[in-house]
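Q: The primary structure of each chain is shown beneath.
There are 8 protein chains.
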Amino acid sequence: MAEKALVAIVMGSDSDLEIMNEAAKSLEGFGIAYEIDVTSAHRAPHKTAEFARNAAGRGIKVIIAGAGGAAHLAGVIAAESTLPVIGVPIPSVLNGLDSLLSTVQMPAGIPVATVAIGKAGATNAGILAAQIIATADKAIADKMTAHKEKLAKGVEEKSAKLKAARAK
Amino acid sequence: MAEKALVAIVMGSDSDLEIMNEAAKSLEGFGIAYEIDVTSAHRAPHKTAEFARNAAGRGIKVIIAGAGGAAHLAGVIAAESTLPVIGVPIPSVLNGLDSLLSTVQMPAGIPVATVAIGKAGATNAGILAAQIIATADKAIADKMTAHKEKLAKGVEEKSAKLKAARAK
Amino acid sequence: MAEKALVAIVMGSDSDLEIMNEAAKSLEGFGIAYEIDVTSAHRAPHKTAEFARNAAGRGIKVIIAGAGGAAHLAGVIAAESTLPVIGVPIPSVLNGLDSLLSTVQMPAGIPVATVAIGKAGATNAGILAAQIIATADKAIADKMTAHKEKLAKGVEEKSAKLKAARAK
Amino acid sequence: MAEKALVAIVMGSDSDLEIMNEAAKSLEGFGIAYEIDVTSAHRAPHKTAEFARNAAGRGIKVIIAGAGGAAHLAGVIAAESTLPVIGVPIPSVLNGLDSLLSTVQMPAGIPVATVAIGKAGATNAGILAAQIIATADKAIADKMTAHKEKLAKGVEEKSAKLKAARAK
Amino acid sequence: MAEKALVAIVMGSDSDLEIMNEAAKSLEGFGIAYEIDVTSAHRAPHKTAEFARNAAGRGIKVIIAGAGGAAHLAGVIAAESTLPVIGVPIPSVLNGLDSLLSTVQMPAGIPVATVAIGKAGATNAGILAAQIIATADKAIADKMTAHKEKLAKGVEEKSAKLKAARAK
Amino acid sequence: MAEKALVAIVMGSDSDLEIMNEAAKSLEGFGIAYEIDVTSAHRAPHKTAEFARNAAGRGIKVIIAGAGGAAHLAGVIAAESTLPVIGVPIPSVLNGLDSLLSTVQMPAGIPVATVAIGKAGATNAGILAAQIIATADKAIADKMTAHKEKLAKGVEEKSAKLKAARAK
Amino acid sequence: MAEKALVAIVMGSDSDLEIMNEAAKSLEGFGIAYEIDVTSAHRAPHKTAEFARNAAGRGIKVIIAGAGGAAHLAGVIAAESTLPVIGVPIPSVLNGLDSLLSTVQMPAGIPVATVAIGKAGATNAGILAAQIIATADKAIADKMTAHKEKLAKGVEEKSAKLKAARAK
Amino acid sequence: MAEKALVAIVMGSDSDLEIMNEAAKSLEGFGIAYEIDVTSAHRAPHKTAEFARNAAGRGIKVIIAGAGGAAHLAGVIAAESTLPVIGVPIPSVLNGLDSLLSTVQMPAGIPVATVAIGKAGATNAGILAAQIIATADKAIADKMTAHKEKLAKGVEEKSAKLKAARAK
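Residue numbers (my numbering), protein chains in the order written: chain A, 1267 to 1434; chain B, 1267 to 1434; chain C, 1267 to 1434; chain D, 1267 to 1434; chain E, 1267 to 1434; chain F, 1267 to 1434; chain G, 1267 to 1434; chain H, 1267 to 1434.
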């Protein structure tokens, strides 16, 4: 990926990689260059703060942060960066309810754009990042329209398949 | 507001206006033109679908949707629009837990950028919309940097006030 | 099933089919013709709206909709149709609590008749549809009486089996 | 109301009357005759069982039952009657979460058509009852179409009012 | 078990038998005669009501009822019987939270003595029944004292075992 | 109350008195002598342990314990006494959900007979204690039968009042 | 307070002061010098990080941090400091459940010593700080013993008062 | 382990050993001597009370207590000891939500320093105990600084590994 990354994906632990890869796949689908890294609000606060402070300067447009439990990563990055930050709650011992609340319930002044718990959320984080970039990029906006059509077509195919199966 | 709106704020009921006005205030703070309306996924599905389909064409860049209970408004708009959609969960008989889950737990393919329940969330929806616009607007990006500094200064003032009160 | 369908079963994804088939089985038990399809409030909003608007005209009397997570399908259909809509919350990463709240907490004006989470709910959706049809169909009403007797008999058989096992 | 009641509204306590009156108002809006009574699954099991067994014979088409806490009323009536039973969860010390789960999580075989917690749910219980009756009553079905239009018009009026207020 | 049963164990479904057998084991440990049966508040309301009304007359002193989901069995029996009724919440799709709330949140006037969700609760239901009988039966009261000592001894043994394992 | 107390009511704080008085009222309604005291598992562990150990010896048959938050009082008493212990969860900052779970989720071996959160639960704790005493006291058992009839009569009166109000 | 502070109390907003003052009162009761300040993980990340990094060097032994909603303050400080950090969850729109989970569910490696939601938690945060200091300070340890006796005495007084009131 | 133990680890059941061993491992990492035992607030109240009362006298500085469900162990020990008590909520049928609330929601006067549910919490309990000891032990404080650096280094290694994997 020689292109300069527009989106940065970070996660609190490499055990979150399987989930956060879904965000990467979404971005690849839209042809958006991204970087991906492990950092931790709690275990590596300096690395995290430095990452957050420098992201905009490096040309990053959107940050996606995944974390579980007392999921502070997205919020801590949002505190240090002026970029839009998307938070992905990773499932936990409490099924991700703690991760969700820790990510979404941010105080007035510092938003985190929170998506669904787990893989669906990671997929959507990538799409949301693409939607944000598309607000000023006609080519991505067109791909987003195509994405919508693909979703609808997917439903039509499943519908047809179900009807075919029942017709037998 | 003669300028063409870049952000559309919609809400399920006029009883949500007091909360959703916080989003408007945030946008005004960044000098971003917006429109604000009442529409309902359930009571006015045609108006809602039409609004969602036409928003991008009218120059809207970001949609903010507030709803409570089985809060479908943001999700339904996200289904019809390629724009980034920010969902504000309005407090309910269950304190907004239902509103939050109905807004955030979207399936893979159709993200809703969910913020906190209630007024803090509405304030942050406006800021998040500004952050999204700022990804391609240097002037707004500079205002976002100033916003961050103002937040930090506000903490310093409260800190000073607390210390002064204790010094007496 | 050459008869004209009286009940339409729809679901947000073909992965919900195993659960929603329980609704179909219930209807078959009462000899009620039905149709079954995949549609999605989020991925296929046009198909969903069209389905909902046309259902009554095609002779459908009751709609059963199953969805999980931010489960908007039943509510969105209820917004577009005057028919009774039964919502089946599909289990999710949060065990279906999000699906349940997204389905049941509808605002005043647009009811969704919500049943239990998962297979028991799907079974009951079919029975509830039959009860609704039975309000104007003596033959189905008689079958409903027989259904009740069968339930009681089932308990008697389990009771007898337990006693027999213990008598050994 | 000299007409023979088609819907029976029952509630566990007269303290639920303020909420359950919303169901009555909905029915009155559709011109559907109803009866309303207090009975309790726990304090008056015989009255409740007798009511449930006789309702269909007396010409009742739909039963609406409201109860809070360990809300067994709708389920107990559904056990004794073949009619569709609509359950309204009444708010409680736990905000109605207990009432909702006790009403909706019925086992396979005995559905309760559950609506939202509190007044919105009671309003919707009346509308749902009307929808059920409308499946075999063209006049009520026409009123339901008018009801939908009125909902949409209500949103338009609120939208216009909001725009007028902002234009000043 | 030729002796006349003092305790009746009932459950909503034979799938609850594995859990409810723990109650039986507790009673056997205290040498208390019991009967065990399947009945259902929803599928077999007449059998359930008859069981509840006749239990005291047949010499039953305590009733133990296990059910899951919208767990009405214990409450419905408590409505019909003057005996102490112990409710065991059976785990469900929501881990038994619904079963617990449906069992414990009874209205003023009709208590259900609720124990923990699942096997621990079933075990304790048997012990609680024994404690109730022990209020008027010196022999059982003495066994209860021995039960307490056995519990403490069990802890001592585990403690010794842990220490021995670590000493190696 | 010169009679020797058969029931002991204890509570963690005198702020619980308003709620726990409902248990006392229930016992007075059955003419059962009781004692009432403040003790705390956390602030006064010795007093609590001594109370629990001596209760049976002083002729107490049943213990009722009310506490909120991390409500350990009932469990700690159950650990020290062989008597049946009834736990009343007192409402808290979390509406009593913490109090309920801390009271009911006891491990196998040491039951706490848990009733509903708050006043309804306290009322029922007194009735449950009476039911336990009634297992060996014909006079109390007869009063329990009368109590049931009074409950049903209360429902009839409310029903009559509602009908009278509507007839106007 | 001329003495060098051993405990630092910080809170996310001056609106938390009423609650966090309870921690100060506890420390005053033990004669432990403290400092108190407003800082925010999200609005003032630099001030917060600097505070956390310097606290140990300034002679602080324990940090108490109160925050609500997505309560990251305690965790963020724990990431930067080697001192024991006590987290006080401040009540929120969700009654503090979000604050509690955001504070307590820290990942392996970085503990936050979490206490109860709200004022009781703040009081206990001060006591816990005193217990920590008491592990190496005989004078404070002796005061802790006195504190325990005072708690027990307080229960005795409430008990006596209740008995006196009933004796009238 | 010939050294005198500074930390005591106790757990309610030997089935908690796998989780609580994580606390032991943390302490071993800091070279802090500890003892480990099984005791139960409910099954062995005398052993528990004796342990709690004698711990400080035996030179114990910090107590770590793990328990699940109605998790009273930490609170009961805190009631009897002046030492800091760390509570580890053990996962349960409700995923540890009951264990967490039973441990953390202690009343004003008797704190329990609560950590995360399960293994992460147990690991952190050991680290928190080390932090407490480090407030008066320079050698442990230095190891705590090293621990922080190791955490950050661990993140760097994972980051490098992820980048290396992607570079292929």
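Among the clues, some could well be false.
[Unchecked claim] Below, a list of computed lysine-lysine pairs in the DSS-like style, where the Cα atoms sit at most 25 Å apart: (1) 1434/G / 1270/F; (2) 1313/F / 1429/G; (3) 1270/C / 1429/A.
Just so you know, the hints here were simulated from the structure itself, not pulled from any lab data.
Q: Each hint needs a verdict: does it hold in this structure or not?
A: Going through the hints against the structure:
no.	hint	in the structure
1	1434/G / 1270/F	18 Å, holds
2	1313/F / 1429/G	15 Å, holds
3	1270/C / 1429/A	16 Å, holds
The structure shown violates none of the earlier numbered hints.
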